[in-house]
Every structure is written in structure tokens, then in C-alpha cells.
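**Q** Sequence:
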Amino acid sequence: MIDDAIHVLAGDCTVLVDDADREEYRGRVTTIVKPDNTVLVHDVDGYQPVAWLTRADSVSSDRDDGFTLVARKGTQTLRVAAHDRDAYAHYRASAAGRPVGSCPNCGGTLIRSSGVRCVDCGDRYAIPSDATVREERCDCGLPRIRVERGLAFDVCLDRACEPLDDAVREAFDREWDCPDCDGDLRILRRGGLIAGCERYPDCETGFVLPSGVLDGECGCGLPTFETGSGRRCLDATCERVVEAGIAR
210 MIDDAIHVLA GDCTVLVDDA DREEYRGRVT TIVKPDNTVL VHDVDGYQPV
260 AWLTRADSVS SDRDDGFTLV ARKGTQTLRV AAHDRDAYAH YRASAAGRPV
310 GSCPNCGGTL IRSSGVRCVD CGDRYAIPSD ATVREERCDC GLPRIRVERG
360 LAFDVCLDRA CEPLDDAVRE AFDREWDCPD CDGDLRILRR GGLIAGCERY
410 PDCETGFVLP SGVLDGECGC GLPTFETGSG RRCLDATCER VVEAGIAR
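Numbering of the sequence shown is given in my numbering, commencing with residue 210 and proceeding in unit increments.
Heads up, a few of these hints could be off.
[Stated by the list, open to error] Here are the in silico distance ranges between beta carbons for each label pair: (1) Cys-390 - Ala-214: 52 to 62 Å; (2) His-299 - Glu-379: 43 to 53 Å; (3) Asp-363 - Thr-223: 57 to 67 Å; (4) Cys-412 - Ala-445: 10 to 20 Å; (5) Ala-380 - Arg-440: 11 to 21 Å; (6) Gly-283 - Arg-333: 25 to 35 Å; (7) Arg-398 - Thr-263: 25 to 35 Å; (8) Thr-247 - Gly-428: 46 to 56 Å.
Hints are computed from structural coordinates only; laboratory data are not their basis.
Here a beta-carbon is modelled for each residue, glycine too, at the ideal position from N, C-alpha and C.
Could you build all of it, start to finish, from the sequences and the hints given here?
**A** Written out as C-alpha cells, the structure reads:
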């Protein structure tokens, strides 16, 4: 199979589903094979496939005589054999998402779908799920994004061009004391951005930086953030968040 292509097989076919039970179908159907090896067999009735196999471990095909397609996943097997072939083709495909600008490398459309990617050349950029893609452009030609991590940071979509980590680190590295020792909290990336004690591994204190803007100090001494779900301490387990200057 070809990466980033959707394969379409159509004709008068026998469809065999070999699972706990063996089922057989016959009719003029269209079989779709997606890039993740998901196989869908559709007839003219309704929206649900006649048969399917999600993310198969392997998909093989033979086009010498009509066509035969075999997909396997564990103990499951889906076989589609054509008696009379109408079509056997593959088409370029990409994720579908909201357009957010033009690709500076090829002029194609950038879309937001599990990050940002170009529909034409396939360039991909990972971004935080809470980031806002802006109309403003970086000097490199890519859109800029806005991410709230204590402050609202405007950085390039491409981390290699203008890293969010550097901007957050410049603003908050060593700004807060560790509540469990006399060390400083450093801005580190461990999966996501965290404020972690500089004395690690002797002190394992660390807090995920929330999506929100800094707005004061908690009763525990750590900073508080205004987030989409309300005010919270840097320590998500803390119950002493300051409201109107009064610790609770």
C-alpha cells in the first residue's frame, strides 16, 4: 500500500469475514483502504459498512485476475475477492481540518488537525492543543501561534524557528521557590512544560504548567493561574487557592 493514499476497490465481490464466526457476503461493493490499514466494505444500503477491519496488522492485494484483498488483525481475517472488477485505484489523501494559512514551502493550504500540516507537501508541525493559530506571520512565512503558560506567548508555529520553551524559560525559570526544599523551580520539558525542582533527583517536586495566565499567589506560596476552568494553584492538588485575598 502507498502511504497517505486511500485505495478504492470496486466490483462484484465475495466478502469473507473470518472471526469467531465466519460470514460470507456477495454483491457489488466498494472497498476502501485507509493509510492506517483500516478496511471498509460498503454496499448501497445505509451508512454502515457491510464489513470492516480497524487498523489491520497487514493488508495485501493481488490484481492479476480481478483483485483479491486480504486484511489480517490478530485472529481476524477480512478477504475481498472480485468476480468482476469495476475499479482499482489509489488517490492521494490527507487529514481534513480547518484552514489556517498557506505553506511557505509549497504554497499549499495549512490545516489544523492533530497539529498543523500542509495538504500538499505534507509538512507537519506539532502544537499544544490549547494553542491559537494567528493570522500574523513569522519572518519564515509560517503563522504565529499564541499559547498561555503563565503569560500569553506569541511564537512561530515551527518550534525550531522560535521555541515556546525558550520564551517560557526566559519568563519563569527560577522565578518560584520549591515548596519542599530550598531549591528553585526550573522550567523543563518532560513530556510537557513543567516547573521542576533544580535538585532533582534528590527532590522530585514538579508541577505541570497550566494553560492560563499568572494572576497572583496562592496561600501555599506558589503562583496562581486564571484558566478556562477557573482559578487554580500551580499545584493542581492544592486546596489553598487565594480568592479575593483570602486563603481557603
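**Q** Compare the structure with each hint and give your call.
**A** Hints and how they fare:
1. Cys-390 - Ala-214: 52 to 62 Å: Given range 52 to 62 Å: holds, Cβ gap about 55 Å.
2. His-299 - Glu-379: 43 to 53 Å: 48 Å, holds
3. Asp-363 - Thr-223: 57 to 67 Å: With Cβ atoms ~58 Å apart, the hint holds.
4. Cys-412 - Ala-445: 10 to 20 Å: About 18 Å separates the Cβ atoms of Cys-412 and Ala-445, which means 10 to 20 Å holds.
5. Ala-380 - Arg-440: 11 to 21 Å: Given range 11 to 21 Å: holds, Cβ gap about 20 Å.
6. Gly-283 - Arg-333: 25 to 35 Å: With a Cβ separation near 30 Å, Gly-283 and Arg-333 satisfy 25 to 35 Å, so the hint holds.
7. Arg-398 - Thr-263: 25 to 35 Å: Holds - the Cβ-Cβ distance for Arg-398 and Thr-263, about 33 Å, lies within 25 to 35 Å.
8. Thr-247 - Gly-428: 46 to 56 Å: Roughly 51 Å apart at Cβ, these two residues keep to the hinted range, so it holds.
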